Structures are given as structure tokens and as C-alpha cells.
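Take a look at the letters that make up each chain.
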Amino acid sequence: MIDLHGYGPRLAEGALITVELALLSLLLAIVLGLVTASAKMSRSRVAHGIGTLYTTIIRGVPDLVLMMLLFFGGQMGVNLITDALYDRFGIDIFININEFVAGVVTIGLIFGAYMGETFRGAFLAVDSGQIEAGRAYGMGPWLVFRRIRFPQMMRHALPGLSNNWMVLLKTTALVSVIGLSDMVRVASEASKATREPFTFMIIVAAIYLLIASVSEWTFARLQKRYSIGYGEVD
Amino acid sequence: MDALLERLEGLLADNSIFTLQTLSYYGEGLVTTVQLVFLSLVIGLVAAVPLAIGRGARRPWIKWPIFAYTYVFRGTPLLVQLYLIYYGVVFVEGIQESWLWVILEEPFVPALIAFTLNTAAYTTEIFHGAIKATPRGEIEAARAYGMSRALMLRRIVLPSAFRRALPAYGNEVIFMLHASAIASVVTIMDLTGAARFVYARFYAPFDAFLFVAAIYLCLTFAILYLFRWLEKRLLAHLKPAGG
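So the sequences go chain by chain: A and B.
Using my numbering, you'd call the opening residue of the first sequence number -17 and step up by one each time.
Using my numbering, you'd call the opening residue of the second sequence number 2 and step up by one each time.
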């Protein structure tokens, strides 16, 4: 049996943090992606400009740099605000930016840009006749979105979504650098303490591969579900 | 040159963070980043060509090991691969007494190995996909000319696959540039390493990281335009006629 030198439970906790972080970031990224896609498709030039600026900058800068900017800079920004509150109004509060929240916000913000591109392409692929038909039934814009555009868009978006999720999952490893105890950080500490890097790093690699394989299976099932009515004849 | 430096010094006179000293850190960081990314991309590219051909082979003992390699390296974070090789090198017993230590002592070499293995795995899959997408007619034409398999590969399949792989490979280059930021985690003074140093020294996160973000943005655009230009030149024959 592999000797984990008592790091087993912490490694398991770290794995749980990785999964939670990845899922919450995905949720934020999907919401941001939908907003960005709408902004980029809107007739308003301001919204279009902001959407384009956001996706261009995020996709041109390394994840780690953005993460450090938000984590270190975010704390300083919050401190400036709380200091100003104290000077002006005598309100004394201290907000400490939590590594987990910083991780979720940064990863969500980064992948929101990628999701935005995925969703935009997918929305454009929905036949406009479908939307007109919805309107003809007297549906409001929200109902058209919920019943017609979203379900049909998902069929086109799923391959890109699945791709983004796989990259996102691997990006979560970076939070170990800003101090969050995800499984990579635990494994890194354990490697240094026990001088057995191969044991711990290979376990972590295997957990990532396991999560990736489970995700692949889940996305294949989702794809099947959203392709009902379009399926290949077999 | 001296006049230029003097003018730069004048420009920076009122700036306490971006002195010539800190700018030189960023300059050295830029050189390290470019070296690391360029070397790993070139070695990875050279390795990926035979691997991609082998990946599509019929013999299972050639095909499956290559598939396992790309699956593992594409399915796990680069940071884990970097730690594995970096710590692995440092902690392997006896390595510090051997001649290998001379080249492995610098963290640059383990990082280069990790980056190369990673980009070779992605590039192998990109080329494999491009080779698989070779139009049937091209292969039939080559056979009709009586070409051997090797000649067909060299004259027909690979040149056509390289062109088809170009857009995806451009993305991989940008991905590697961004991924190289994690080199700073193993104490390499690349661009991000320089930014972390400046941040720690002056406690100025916005100045340190926004400046480096701008440099990365410029590099990304440079790569983007280079590949667009290449695509325009090499894929001109695929454009719709009259367009």
C-alpha cells in the first residue's frame, strides 16, 4: 500500500476544494458568458465595445497574472475603500479577501470571456425562424429565451462548453500559488516535507484524470439529451 | 544609445517604482520568457511530427503508448507536471552528486522539460487531427503516381496537414506563452517573476501586474498577427475563388 505519511485526509480535503472551486467558477463563468454574449450581440455600441474589450484583454493575459492582480490588488483596493470609509464616516470595518472567493472570482472572470465567445456562436446558430415563431405565439423576450433560444443554443454550445470546462479544471491548480489549500498545494507541501514528490504528484494527476473522465462521460450524456430530434440514425 | 538612456531617465525621474533598475528586471524577464517559450515550442514541434504519425499508426504497440502520453499530459495541469519534474529532479537520490546536476541545478532546465513535454502532447493531437483530415483524393492521386508511403507522407500528407494545422497551432503558441507564467512558481525570473519581485519590493500590485499584463498583451497580439500573416500566405489557395 502507498504510504501517504498521514497526508491522506488533507489531500482528500484539497481534492474537495478543487472540485468546489471548479464548479462554482463554472457557474460564474456561465452567467458571465451569457451576459457577455448578449452584450456582444446587442445593438448598443457601448455594450458591444465593453464586451469586446473584456474578451480581448482577458484572453490576451496569462491566468496567473490576472489571478495575482485580482488577489493582491483586490485586497489593496478593498483596504483603500475601508480606509476612506473610516476617514470620512468613522465606520471601522476590515474586509479580508478570502483566497477561495478570490479564486472563484478570478477563474469565473477569465472563463466568462471564453464562454462568451462560445455562447455567441451558439446563439447565432439558432434559426431566426424559431424565434419569430415564438414571438408569433405571443411569448415575451424572457419566455422566448427560456423555452426556445436557450435549449436550442445549448446543442451548439456544448462542445465548446465541455472544452472550456476541461481547461478551467486544470486552471484551478493555479490557486495553490496564491495560497489556497487545494490538492496541488497539499501535494506540493507533502512532496517537500517527505521528499517523495512522485507519490503525491502522481496521485493528484490521477485525480485530475478521473475528474476529466467523469466530465467527458457527463458531457456525452448531456449532448445526447440536447440533441434529441437531431440524432443520427443508427 | 546613451542619449536614449538619458531621455528615459528624464521620463522616469518622478517615478519611484519604474526606475531603470526595475525596468531592467522586466527586460531580463522578457528575455527569459521568450527563451523558455521559444525553445519548448521548437523542441515540442520537432518531437510532435513523428509522434503524430505514430499516433495514427495501425500497430497497437505504437499507437497506444502515444495516445496514453497525450491523454495524461493534456488531462493534467501543467503546474502538476512542472512540480513533478522540478521536485523529482531535486529529490531524486544521488542526482546531486552526478554530472547531470550541473545542467539540472538551474530551475530553467526542469521547466523547459515540463513545458516541452506538455506542448509536444498538444501539438501531437493537433497534427494527428490534421493528418486524419487529409482529403481522400490527395492520397489516391499520390498512390496513382506510384509514390511509396514515405514519399507520399513527405510530399503530400505532411505539407497539406501542416497548413490545415496552422490556426490551431497558433492558439497553442499563445497558450504556451500564457502557461509560461507559472515558471515563476519555481523561482525562475521570467516576466511574471519580475512582476512578483516588483510587487513584493514596493507593495504595488497594480503597477507591477498591470505593466506585465500589458507586455503579455502586446506579445499575444504579435503572435496573433504573425499567424494571421502566415495563414494568409500559406492558405491562400483554400480561399473561395474571386474573394
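If you are wondering where the hints come from, they were derived from the structure by calculation, not from laboratory data.
Since this is a predicted model, take the numbers as computed values, not measurements.
C-beta: ideal position from N, C-alpha, C; glycine also.
Accuracy of the hints is not assured; some may be wrong.
Unchecked claim - Some but not every residue of chain B turned toward chain A, in silico, with C-beta under 8 Å: (1) Val186; (2) Thr188; (3) Met190; (4) Phe207.
Here is what the structure says about each hint:
| no. | hint | in the structure |
| --- | --- | --- |
| 1 | Val186 | holds (6 Å) |
| 2 | Thr188 | violated (12 Å) |
| 3 | Met190 | violated (15 Å) |
| 4 | Phe207 | holds (5 Å) |
Violated hints for the displayed structure, listed by number in ascending order: 2 and 3.
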